[in-house]
Amino acid sequence: MSDFFWFSDAQWARIEPLLPTDVRGKPRADDRRVLSGIVHALRCGGRWAGCADVYGPKKTLYNRFVRWSERGIWEGIFSALAGAGGAPDRLFIDSSCIKVHRCAGGGKGGPWLMVSAAPKADATPSSMPSATRKAAPSSCS
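With the UniProt record's numbering, the residue at position 37 of the sequence shown is 37, and numbering never jumps.
Wrong hints could be hidden among the right ones.
Stated by the list, open to error - Pair by pair, the computed Cβ-Cβ distance ranges are:
no., residue 1, residue 2, range
1, R47, R14, 35 to 41 Å
2, W12, S96, 14 to 20 Å
3, L19, S96, 27 to 33 Å
4, L91, P27, 31 to 37 Å
5, L91, R67, 27 to 33 Å
6, I93, P57, 17 to 23 Å
7, A13, I93, 25 to 31 Å
8, F5, S69, 15 to 21 Å
9, G25, G76, 19 to 25 Å
10, K59, L91, 29 to 35 Å
11, P27, Y62, 25 to 31 Å
As the list claims (entries may be wrong) - Once the Cα atoms are required to be at most 20 Å apart in a straight line, the calculated SDA-like pairs of lysine to any residue come out as:
no., residue 1, residue 2
12, K58, E70
13, K26, R71
14, K59, A80
15, K58, H40
16, K58, W48
17, K26, R64
18, K59, R32
19, K59, I73
20, K59, S8
21, K59, C44
22, K26, P57
23, K59, F4
24, K58, S79
25, K59, I93
26, K59, S96
27, K58, G76
28, K58, A82
29, K59, D94
30, K59, D31
None of these hints come from the bench; they were simulated from the model. Each residue gets a CB set at the ideal place from its N, CA and C atoms; glycine is no exception.
Construct the entire structure; sequences and hints are all you get.
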């Protein structure tokens with residue numbers, strides 16, 4: 001159970017009043033469980049498939065995250081939590097670095113464009129005769 005993320009009682013007491021109450025239709029699943037699952041997924045690199053079943057269905061976690069993102073609810077929660085209290089006891093800084101071989105970016109001399117066919121054969125045929133064709137001298141008499 002130590003690998004799972006769960007909000008503490010103090011954390012949940014700060015978050016719960018910020019949650020939306022305008023619920024229509026079916027009642028929402030347990031908010032504490034679902035939000036803990038969302039935070040767990042985000043801490044593990046945003047892989048919804050990597051969430052354990054203790055958080056509920058993965059589709060529920062994903063849908064709640066996407067819908068609340070579209071409505072701006074997450075921004076409200078984060079701004080309210082960031083503005084409350086003093087300095088946090090934990091800070092997360094993402095310093096991802098990916099080293100790529102020089103050939104992956106085109107290498108020396110820039111990217112190499114592959115030509116699939118001759119320009120004439122690849123060109124879109126025109127429905128109107130070109131003005132340059134009329135101006136060119138004709139070999140036929």
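Exercise. Against the structure shown, which of the earlier numbered hints fail to hold, in ascending order?
Worked result: 1, 2, 6, 11, 14, 20, 24, 25, 26, 27, 28, 29
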